[in-house]
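Protein chains: 4
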Amino acid sequence: IKKIAVLTSGGDSPGMNAAIRAVVRSCTYHQLECLGVYRGYQGLIEGDFVTLNARSVKNIINRGGTFLKSARSKEFLSVEGRKRAFDNLKAEGIDALVTIGGDGTFAGAVVFNEEHNFPIVGLPGTIDNDINGTDFTIGYDTALNTVVEAIDKIRDTAHSHNRLFLVEVMGRDAGDIALNAGIGAGAEEILIPEQNMGKDRLVASLKRSKEAGKSSSIVVVAEGDQIGKNIFGLADYIRENLTEYEVKVTVLGHIQRGGAPSCYDRVLASRLGVGAVDALLKGERDIMVGIVNNKVTSVPFTETSKGENELDKELIRVADITSV
Amino acid sequence: IKKIAVLTSGGDSPGMNAAIRAVVRSCTYHQLECLGVYRGYQGLIEGDFVTLNARSVKNIINRGGTFLKSARSKEFLSVEGRKRAFDNLKAEGIDALVTIGGDGTFAGAVVFNEEHNFPIVGLPGTIDNDINGTDFTIGYDTALNTVVEAIDKIRDTAHSHNRLFLVEVMGRDAGDIALNAGIGAGAEEILIPEQNMGKDRLVASLKRSKEAGKSSSIVVVAEGDQIGKNIFGLADYIRENLTEYEVKVTVLGHIQRGGAPSCYDRVLASRLGVGAVDALLKGERDIMVGIVNNKVTSVPFTETSKGENELDKELIRVADITSV
Amino acid sequence: IKKIAVLTSGGDSPGMNAAIRAVVRSCTYHQLECLGVYRGYQGLIEGDFVTLNARSVKNIINRGGTFLKSARSKEFLSVEGRKRAFDNLKAEGIDALVTIGGDGTFAGAVVFNEEHNFPIVGLPGTIDNDINGTDFTIGYDTALNTVVEAIDKIRDTAHSHNRLFLVEVMGRDAGDIALNAGIGAGAEEILIPEQNMGKDRLVASLKRSKEAGKSSSIVVVAEGDQIGKNIFGLADYIRENLTEYEVKVTVLGHIQRGGAPSCYDRVLASRLGVGAVDALLKGERDIMVGIVNNKVTSVPFTETSKGENELDKELIRVADITSV
Amino acid sequence: IKKIAVLTSGGDSPGMNAAIRAVVRSCTYHQLECLGVYRGYQGLIEGDFVTLNARSVKNIINRGGTFLKSARSKEFLSVEGRKRAFDNLKAEGIDALVTIGGDGTFAGAVVFNEEHNFPIVGLPGTIDNDINGTDFTIGYDTALNTVVEAIDKIRDTAHSHNRLFLVEVMGRDAGDIALNAGIGAGAEEILIPEQNMGKDRLVASLKRSKEAGKSSSIVVVAEGDQIGKNIFGLADYIRENLTEYEVKVTVLGHIQRGGAPSCYDRVLASRLGVGAVDALLKGERDIMVGIVNNKVTSVPFTETSKGENELDKELIRVADITSV
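Residue numbers (my numbering), protein chains in the order written: chain U, 15 to 338; chain H, 15 to 338; chain G, 15 to 338; chain C, 15 to 338.
Same shape as in the complex, but just chain U (with noise of 0.2 angstroms):
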């Protein structure tokens, strides 16, 4: 292996710069040449290629988003387009791909792979941390953070007037954020789609919640919740049963994606990059670097998917305890 391409695809995360840097200044290291390819595959397919060096990715460990932006491509979904994209990669001479997304960029990989047999690695960018094979996503742990320090901002709105907020988090499939951030940011309830716990056991619960003595009260929801999928029929429901708060609805939406990374998403991302290049010298292809009880290890892509997401029973307790 002498030249490797990287790109960025999917929704992006913060901490994706920082993983484009580590595989750069890798290829740098090892002495390979470094192509940047924009816009995901949708660049693979138009041969938006850029030289990338150590000193092209500087002063970026910092800045949320992708300097090499990403895209969703429907050509890439066809024979042809994937044909052109090889054929790109060939004629700039690229021996090996880095690819940083989701599940979804995994399986284009996959399919390309079993087309034209080209050694691809990829790197879990995501904030959903819905990727199965890594602990953690790039992206996720300042999503998090993002989210918590969000919901202060609510909480001090809430307290101030006994007001009870449901506030929306990213999360169609899993409840990931909403139960970490819910549990961080100290919210009373957490609604996530790997559970369903009733318009009635809510009301229910938040009018314990009142007679307990709380005076406002935070009720995290995630996107893909059952009952709160409509969040603002929900809040309605509340407010027909609940007449004792306020009721007021808050979707944080896109400003969950952006924001500059936390220490730990870039050090995560700097691992992961640099460890990808490593697979990809020792001859791993077809395969994502993750980390697993803090090493970074690698996984075929077939087993990414993460298919239906586990219920974390701790997690789950130790919300109930702490909003007692």
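Here are the simulated distance ranges between beta carbons:
no., chain 1, residue 1, chain 2, residue 2, range
1, C, 295, U, 92, 51 to 61 angstroms
2, G, 314, C, 226, 41 to 51 angstroms
3, H, 124, C, 226, 33 to 43 angstroms
4, G, 227, U, 296, 21 to 31 angstroms
5, G, 130, U, 295, 56 to 66 angstroms
6, C, 244, U, 222, 52 to 62 angstroms
7, C, 65, U, 104, 30 to 40 angstroms
8, C, 72, G, 331, 32 to 42 angstroms
9, G, 227, C, 72, 17 to 27 angstroms
10, U, 250, G, 130, 54 to 64 angstroms
Here chain C is said to cover these stretches of chain G; the calculated rule only asks that three of the stretch's residues, wherever they fall, bring their Cβ under 8 angstroms from a Cβ of chain C:
no., stretch
11, 65 to 79
12, 83 to 91
13, 155 to 169
14, 174 to 184
15, 271 to 283
No wet-lab data here; the hints were simulated from the structure. Note that CB positions come from ideal geometry on N, CA and C, so glycine has one too.
For this one, chain U is given, so just place chains H, G and C on it according to the hints.
For chains H, G and C alone, coordinates are given in the frame of chain U:
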């Protein structure tokens, strides 16, 4: 004057605690007694008081919200409610009142005064900066920073994906937050209640931006703007008429009311809190203490209502030029 | 066990309040009484107790420091002092104690236990991450973020002026903060107690960086590093031997101990606080509850002392590669 | 005027990038060419220029420091150096210059102008707020927030341990940062160059605070204060004369110069950047564009030097009262 009461009323804002602290310590300094009233005028009616001394307000200058809590009081709108409030003030031996809040708070004070002839001084505490007679309200500067920091995060994501983001910020009648935070966040367009841009001009302008080479765009929308009122509808309109961008909406909501106050708001609150007690001791009443040209001044309550907000043409021009 | 006391001891760390909160609410959950002890072992000796219930610990999860205050107690080093502490515990009808602190705190608990045979469970609360038997201590993650954010600011200035900055961070015996924050902040060099780089190798390396095109440099120095101990002397040495840079020194100091805890630290503190009460109820004693491979576990106090800190060779390599 | 150059000089400050951006986009708006000069006057002498257009300055409004870099130039102090700078300006066809910096920067401009009669307009870019003719300098508001946030963290620790902290902040000649940040951080005492408190009065005052029930204390010290100049010596003096406290020192240092600019500084920089080009187009020269009573105004360079800083008696009184 020997005994002063202080309360916060209306929507909370960062710096209210700093203002209370300054009032309380000013009382200590001038050897006056000080009482806190919980939950604004409602607490006045219910006699919900707490004795405050210099130590009661330690370690609160940095906290958002108001530890005296705030509320909107329906009872205070009635003659009977106000009579009860007055009786409580007399029963406690209170000689004067400091109210921290917005123009609704001051309007309440005026009516109360007409009926009961009681010395009241107000402080402008609201993030909206919509009070006449003061250049800045307590909490406004903090809200601007909160908005700008949130949009910085959204920009990471917008820029990584070539997206157009509509970001709704507070401001039902006044575009001050939208205009200043929009300039500060480098927004491409800013929609404010004082000026009706029209959907077509907006789309035309965004089209020009795109052609000028901008790959992503942020549009800041005050909640009271004509075409931005229905922000999700506006997003649909843009999607239909400007297919070059992926359009996303974020409603910042209540995070704008909370958070640790900025240095400016803490100093402003401290100066005005001291000024409120000074004014009472000088025999002033029925006035709001504010800041004009960086000097503490006072203005009759009757002149604090802003009426229609004037368009700040210089800022509009700065916004236009810097988003070229 | 019917009544549990909780205290914080040694240097404070962000997340201690969250840990206390979890212990208190766990007591409520298990229908146990809970007492707080002010100022660590000193308060135990003086009988400085406060009854805590679920509502006593509201709105503290987001606050740095410890509302129970901490202190170093000379009296607790004496047989008489510990006897007095024990008598107070008995007099209050306390059945067990949760101590939150570092290895000095646990060492005190061991001696106390030998003399008075009292059930104690410890939680690791220190920013230094220098406790054996837990992967992370409460406060460490927050300190890393604080350091990285501070260096981000210094980098703005360093980069604008082609300067070399020496930044001293905490870590008398352990380089964990320096190494992780150094990688996270993109430092060019990291000096840690576990490894003696030598002044000459440092200067040679900085010279190479300069020649490789770096226009500014950050060197992160753990306070206990051999050549960095006297950081101002080191700066002079570099000035004499590397005239290409303007050399500046910043000692981050106590800002590293404070601040709102990160989400990770809040969740960790909550899990360990719940775990401490669980452990006591299971009859465990003389142990610290920590986190290993993301599972709550316990380890005897006698095994919490770290001895010499091992060099984390993977991180050293990541630091070397990413600063190429 | 058809072609304008812009440079940053002296110490960097947050908002300089926003100011450059506004100058560049103002040029685009008025259809003028714009050149950036790297490293201040030194780059002028070396002819280190870069063509800037509206897109060159995207995504920099939120970044601390200055992407044009800054430097102090010895050569510019000589007639020959300035001659070379002038020749480079002529060779590039530059008609006017915008310099962003402090009074040293403006003094250089004055001399340059006397010799070469070249249109120059200055903008006040420094965290020190020590320029005459403007109420606020670009970067000052951000520095205040940085200091206050740092002291908030120190307060966590101070309060947890009953400690006295001496915190040194920037301000060699002016106490503006110390005084405002001191009030904002709730400091017990504030030492500034404009007023010599004397060690004995300081100790006496701290003693009174302790007796009044304060358990911890923060003393903010401007680096140029008479008794605070040697802050470690002052700490020793207090230790000897006030044994009730454990005394700690933190020197905030260069973190005060960096960081993402506050909204206020971004808007101020945008307004002044626009104002600088407006002034040049109106034929103004040898002036600094500043802000007075929230209006953009101009003042001759010769009147920007502050001379001795006046004591702000109102703020001193507010500090005294709110630290009761």
